[in-house]
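Protein chains in written order, with the numbering used here: chain V, 245 to 400; chain R, 156 to 425; chain B, 1158 to 1420.
Be aware that a few hints might be false.
In silico EDC-like cross-links for lysine to aspartate or glutamate, where the CA-CA straight-line distance does not exceed 16 angstroms [said to hold, decoys possible]:
id, chain 1, residue 1, chain 2, residue 2
1, V, Lys271, B, Asp1353
2, V, Lys297, B, Asp1353
3, V, Lys297, B, Glu1356
Example chain B residues on the side facing chain V (calculated, C-beta under 10 angstroms, incomplete) [said to hold, decoys possible]:
id, residue
4, Gln1162
5, Gly1163
6, Gly1194
7, Gln1195
8, Ala1251
9, Ser1313
10, Leu1316
11, Leu1331
12, Val1334
13, Phe1336
14, Gln1349
15, Phe1354
According to the in silico footprint, chain B covers these stretches of chain V (three or more CB under 8 angstroms from chain B) [what the hints assert, rightly or not]:
id, segment
16, 360–368
17, 387–395
It should be emphasised that the hints constitute simulated quantities derived from the structure, not laboratory data.
Nothing here was measured: the structure is a model prediction, and the numbers come from that model.
Here a beta-carbon is modelled for each residue, glycine too, at the ideal position from N, C-alpha and C.
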Amino acid sequence: MNRTVLDLWVGFFVAIGIAALLFLALKVGNLSSANFAETYVLQAKFDNIGGLKVRGPVKSAGVVVGRVANIHFDPATYEAVVSMNVDTRYRFPKDTFASILTSGLLGEQYIGLDVGGDEKMLKPGDVIAKTQSAVVLEKLISQFLFNKASEGPEKK
Amino acid sequence: MPADSLVKISDLSFSYDNRPILNGINMDFPRGKVVAIMGGSGCGKTTLLRLIGGQLKPTAGSVKVNDRIVHEMGHDELYDMRRRMGMLFQFGALFTDIPVYDNVAFQMREHTELPEELIRDLVMMKLNAVGLRGAHGLMPNELSGGMARRVALARAIALDPMLMMYDEPFTGLDPLSLGVIGQLIRKLNDALGATSIMVTHDIQESMLIVDYIYFMSEGRVVAEGTPDELRATKDPFVHQFLYAEADGPVPFHYPAGDFSADLLRVPARG
Amino acid sequence: MDKVQGFLVGLGSRVTDRLWRLGFAARFFVMLLVYSGQTFLRPHLLLREIWFSGVLSLIIILVSGLFVGLVLGLQGYDTLQRYGSSEALGVLVALSLVRELGPVVAGLLFASRAGSAVTAEIGLMKATEQLKAMDMMAVNPLARVVAPRFWGGVISMPLLAALFSMMGVFGGYLIGVVFIGVDEGAFWSQMQSSVDFREDVLNGIIKSFVFGIAVSLIAVFEGYDSIPTAEGVSRAITRTVVTSALAILALDFVLTSFMFRSL
Chain V
245 MNRTVLDLWV GFFVAIGIAA LLFLALKVGN LSSANFAETY VLQAKFDNIG
295 GLKVRGPVKS AGVVVGRVAN IHFDPATYEA VVSMNVDTRY RFPKDTFASI
345 LTSGLLGEQY IGLDVGGDEK MLKPGDVIAK TQSAVVLEKL ISQFLFNKAS
395 EGPEKK
Chain R
156 MPADSLVKIS DLSFSYDNRP ILNGINMDFP RGKVVAIMGG SGCGKTTLLR
206 LIGGQLKPTA GSVKVNDRIV HEMGHDELYD MRRRMGMLFQ FGALFTDIPV
256 YDNVAFQMRE HTELPEELIR DLVMMKLNAV GLRGAHGLMP NELSGGMARR
306 VALARAIALD PMLMMYDEPF TGLDPLSLGV IGQLIRKLND ALGATSIMVT
356 HDIQESMLIV DYIYFMSEGR VVAEGTPDEL RATKDPFVHQ FLYAEADGPV
406 PFHYPAGDFS ADLLRVPARG
Chain B
1158 MDKVQGFLVG LGSRVTDRLW RLGFAARFFV MLLVYSGQTF LRPHLLLREI
1208 WFSGVLSLII ILVSGLFVGL VLGLQGYDTL QRYGSSEALG VLVALSLVRE
1258 LGPVVAGLLF ASRAGSAVTA EIGLMKATEQ LKAMDMMAVN PLARVVAPRF
1308 WGGVISMPLL AALFSMMGVF GGYLIGVVFI GVDEGAFWSQ MQSSVDFRED
1358 VLNGIIKSFV FGIAVSLIAV FEGYDSIPTA EGVSRAITRT VVTSALAILA
1408 LDFVLTSFMF RSL
């Protein structure tokens, strides 16, 4: 095999190999859409986070504005502490409401941020005061049954 | 022997897996001479060459090349020495994935910074010396056995070595190529001013070209001398070897117990 | 009694033999790394080996990747449409390829195509005394022959795995979108929202890189350590393919358990 032809083939091979890597990164993976250049940290405490996972999305008005960075249990208050990385382009008022929601009936869980009307903005590292925990299906069902049972005797 | 020897082997022993191969060998290879080491198959001749080249380490004794003990050299010094050695392997050992030209040019490209035009001239000179300048574009698998051996010879002399070693240069060659190789070995040695060590069991051919012969058997030197001295000798070993007698001091049989006892023995049932 | 003793002696010698070989392999790897510096100073040697193990494996990798993607598309659609979520086909195809099938299947193909060829090449060079001749010419065979082949394989493998995954995704796209008629927008957008770059793509690339090191090391070692006869070389080739396959699958398990442990 001629040297130059060989070089050409190797060049071709490396080029399409790198193209394939880029394809996987940009077209198949989410490197293009969900890579926040600069983020700041917000924290929120929940009584129950349900099935929320690290790297789960943080959405406001349905738009992904950040990702869950870390979840840990606070032994002093018996609450779950969730840290989020939020894109620096987005600022939220002090009285923002964080709740754990589910996309679709059985989909993944995410944190929804409902914006309040406060003039002051949350600073990096702040804790969101108002939160609502995940809805746990079993609790919902048992509550429903309990209500039904307590309603029961009145009708008779 | 004259004092000015290029390679000096003293009390050299070597064993492999506790099996002794060489046993207290003393040899001298004077500068400018062609010396043959002869003996039957498996008597440790090839091992001896690898000890001289530093590919093996002796169990006892030493090999001195240019007054330096080979097995005490570091990696760099050893490689430095090998650059001034040429070795012809039994079947040539040409690099099969590159053409004849690149085979001969291999060492020049690896060890020198010569420009490609100069390498080309040198390669053509070396190939011309072995009469194969016209074959420079062929691949090794397109060569006959004798031609491959000659290309390997051209490759071995690429850097004008001070010491040439030949491992069975005559094996598997037709009588014509055999004569050609023999003449080449002698001519190249004199032209390069080198010293040659030739391991072989081809008596007739080597008697014509060498200056001195060592006979080895079972890891020892059993006879030595110039070709004329050896022809005249009455030594039974040399006599057996020179005239190719089947039995003699070198036994035909591998050591074994009593033959009739072996035949009568009832095989043990497993 | 004799039989038991014989069995134990045989077992013991086999175990020590394996350990001895393993130790030699480790020493060989260190020496290989020590002499690798020269490889990168002489790029044309490396280029030839990338050509040998990369370019020559291209066809088999591309074709197999396409077929694996086509099969994934058919099987995945068949399963997903029962749950009414056939738009998730893109996710299924891409995740299985990027995380597992890409690196593993490409690694297995690479071992049997390029790994066996490298073992054969080095083994034959050893059997015909070319390595010894090179050593006598003061050229270190580890630096000149073994190291470029090793690095050629290490460089080629991640590229081949990426090409395999890309062809697979393309195959899934062909079946799902072009033939069956899954919505194209949903196919790609669901894929992008569920396949994470760091978690999935990057880990897949790391896997293929590790497999490349393992297969290349096994291939050059088996060649270098082969018994220098025709039979010895052919056995070394078989060992390369078998050991590589085992190494890939075992390493895959170890790496997966490290990488995709959710919390």
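Return the numbers of the hints above that this structure violates; sort them in rising order. 4, 5, 6, 7, 11, 12, 13, 16 and 17
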